[in-house]
Amino acid sequence: MNHHHHDNSNHHHHHHLQDLEPQPDLISDHLLPQPHTNHPQQQQRRPRGFAATAASMSSSVSAASPGGGAKGKKEREKEKERTKLRERHRRAITSRMLAGLRQYGNFPLPARADMNDVLAALAREAGWTVELDGSTYRSSPPPSQLSTSMSGKLYESASMSGKVYEQCTLALGRMGVFPVRSVGSPLSAGSLKNCSVKASLDGQPSVLRIDESLSPVSFDSVVVAERNTKSEKYTSASPMNSPACLGADQLMHEVGSRVHGADFTGTPYVPVYAMLATGVITNFCQLLDPEGVRQELRLLKSLHVDGVVVDCWWGIVEAWTPQKYEWSGYRELFTIIREFQLKLQVVMAFHEFGGNDSGGVLISLPQWVLEIGKENPDIFFTDREGRRNTECLSWGIDKERVLKGRTGIEVYFDFMRSFRTEFDDFFMDGLISVVEIGLGASGELKYPSFSERMGWRYPGIGEFQCYDKYLQQNLRKAAKVRGHSIWAKGPDNAGQYISRPHETGFFCDRGDYDSYYGRFFLHWYAQSLIDHADNVLSLASLAFEDTRMVVKIPAICWWYKTTSHAAELTAGYYNSTNQDGYSPVFEVLKKHSVTMKFVWSGLQVPCQEVDEALADPEGLSWQVLNSAWDRGLTVAGQNVVPCYDREGFMRIVETSKPRNDPDHHYFLFFVYQQPSPFVQGTICFPELDYFIKSMHEAKLEAGSYFWKRLALTAQLGIGFCFLRSAV
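Residue numbers (UniProt numbering): 1 to 727.
To be clear, the hints were calculated from the coordinates, so they are not data collected in a lab.
For each residue, glycine too, the CB sits at the ideal point set by N, CA and C.
Treat the hints with care, as some may be off.
The calculated lysine-lysine pairs, modelled on BS3-like cross-linking and capped at a C-alpha distance of 25 Å, are [as the list claims (entries may be wrong)]:
{"no.": "1", "residue 1": "Lys477", "residue 2": "Lys489"}
{"no.": "2", "residue 1": "Lys404", "residue 2": "Lys374"}
{"no.": "3", "residue 1": "Lys469", "residue 2": "Lys590"}
{"no.": "4", "residue 1": "Lys399", "residue 2": "Lys489"}
{"no.": "5", "residue 1": "Lys343", "residue 2": "Lys399"}
{"no.": "6", "residue 1": "Lys84", "residue 2": "Lys73"}
{"no.": "7", "residue 1": "Lys399", "residue 2": "Lys590"}
Cβ-Cβ distance ranges computed for the label pairs, FRET-style [said to hold, decoys possible]:
{"no.": "8", "residue 1": "Asp429", "residue 2": "Tyr458", "range": "41 to 47 Å"}
{"no.": "9", "residue 1": "Asp492", "residue 2": "Phe340", "range": "54 to 60 Å"}
{"no.": "10", "residue 1": "Glu503", "residue 2": "Lys84", "range": "25 to 31 Å"}
{"no.": "11", "residue 1": "Leu85", "residue 2": "His304", "range": "52 to 58 Å"}
Using the sequences and the accompanying hints, generate a full structural model.
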């Protein structure tokens with residue numbers, strides 16, 4: 001009798017597990033007539049909802065009864081893991097659907113949408129009415145009845161628009177003025193004529209195509225872009241942009257915006273700040289070229305830049321003696337900036353500066369810190385081979401008194417408090433509007449996991465930086481608390497700086513990163529980053545109360561389309577397929593009322609590089625920005641690579657204030673990073689002028705601004721160049 005009850009419970013348990021898996025033939029099996037059988041008892045319906053839960057609990061109780069043994073317990077554990085994997089797979093599919101609908105169809109889906117929201121959005125797009133209680137009925141005739149009569153007119157309109165656009169483009173090309181890509185619609189007239197209208201005339205339904213190689217990170221963390229490899233432009237296959245839904249006036253508006261310039265009237269005003277050259281202050285804290293700085297600021301003022309950003313280097317100000325700060329060069333620089341009535345943002349830079357793109361400028365950590373490092377090299381980040389990275393201090397010493405009797409965070413706090421006291425008059429006058437807090441390598445909140453001086457080259461995955469004795473002590477403590485002291489070590493199969501994910505046993509598909517140990521280690525590694533941010537920002541809030549603080553978040557987009565997101569993992573962001581690595585960080589920023597500044601290139605990544613590194617810059621940008629906005633953070637932006645053309649600038653504008661965002665999000669400000677000294681002389685600043693006007697809400701005429709700025713440039717005596725190098 002007991003045996004029969006056990007079998008019956010397993011039968012229900014088996015059906016419950018099948019309910020979690022895809023059932024492609026379930027509907028057809030129920031609709032088709034079933035053959036007559038000799039079984040006297042009719043097949044019971046599969047339990048669902050609470051009944052399924054009760055059946056599962058009943059099965060668990062039965063399995064735990066005498067007779068199940070250790071084997072039954074092990075099977076239940078395996079089944080739990082399989083259930084988790086099925087759930088991750090389901091969420092990944094849903095995430096791809098949501099991303100595709102947002103990218104292609106502009107469906108008004110909430111950030112944390114579920115399948116009911118998706119079905120409702122699709123039903124409304126098809127002309128159905130969906131009530132709040134789920135009642136659905138048709139309230140308008142099917143779109144297919146209208147498409148036949150409209151398709152011929154739309155095709156003719158698209159053809160004429162394409163010809164007009166081509167003729168105007170050639171004319172503007174001869175003048176040296178290039179048309180701006182429209183941000184109102186991802187379709188051009190030509191692409192609509194060649195692709196979408198033909199599909200409509202042939203009577204083929206539109207199909208939403210989604211990139212299957214994309215690995216979503218969370219329920220709503222991915223943007224999917226469909227690329228036309230021949231034209232290198234994004235196209236849309238969504239019914240929202242099909243000829244049946246796109247009017248002729250929309251087509252003409254797109255062509256008009258290309259020919260006559262972009263109309264940004266009514267869009268939010270996004271302030272633009274320019275990053276001053278690092279070499280304006282010498283290593284002895286002296287202003288190098290005051291007249292050169294004035295000339296640069298005069299040009300920036302003529303371009304209507306809102307302000308400038310200046311790095312305040314720890315290695316310059318506190319270079320020789322602990323707690324002896326030299327601010328004279330910065331005071332002279334800030335006084336000149338005040339003459340031009342420009343706003344000022346300052347960066348608390350606690351890292352090194354130098355490299356191939358530094359223009360020969362080298363700024364190290366303070367000399368007294370380097371001397372300590374010779375005797376105790378564990379104050380620096382360390383890789384698995386024991387190589388020390390002196391770019392910034394290890395977070396393992398945040399609370400260790402190894403810096404002449406001070407801890408790491410005390411050293412940072414003393415520096416910030418000295419700055420606030422020294423420049424109190426500039427704070428009181430409102431000249432200093434923002435203070436950015438450097439939290440890691442390059443001033444960004446990240447581990448120095450992909451440093452070129454250590455041998456890293458793009459698109460390598462980098463290496464974990466947790467092998468100094470202080471972080472190792474922290475790891476051993478965490479492993480002991482978890483009850484697995486054997487886990488107190490870094491992974492031994494994570495590859496090297498230039499490795500690819502599939503070449504390692506840790507980051508490959510179904511690799512150790514998703515094992516019990518892997519999840520423990522990655523959580524600890526990411527939590528160390530979060531704790532460092534929390535500790536430093538707690539003291540920064542005391543030093544800069546009533547002043548807006550900013551933290552810079554990196555854009556690590558390579559290997560984003562893999563399941564492990566290896567490059568993000570080594571940098572400290574636990575953002576694999578089944579994890580959201582940015583939300584915990586943003587919770588800390590929200591706790592301290594900090595603005596998140598996203599470092600974004602704004603440049604189109606070549607298709608070959610995207611394919612080689614499985615990169616997805618648009619997808620990463622979408623995840624990071626929306627995750628921050630969902631948590632109520634204010635968001636700013638900065639380009640990591642200088643832009644040289646109109647198209648790159650327009651991508652920044654589109655990201656800074658997206659026109660189709662139903663929540664009307666936009667950047668609080670944008671920081672434009674100037675080119676390196678080697679290429680500044682070749683930059684044509686009318687493109688920068690166009691960009692700033694676009695950020696400042698303006699209707700831009702394609703021809704008039706060009707000649708106006710050309711005349712101004714000639715008057716300034718600097719040709720087409722801008723941002724004179726101070727190095």
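Legend entry - Hint numbers not upheld by this structure, sorted from lowest to highest: 3 and 5
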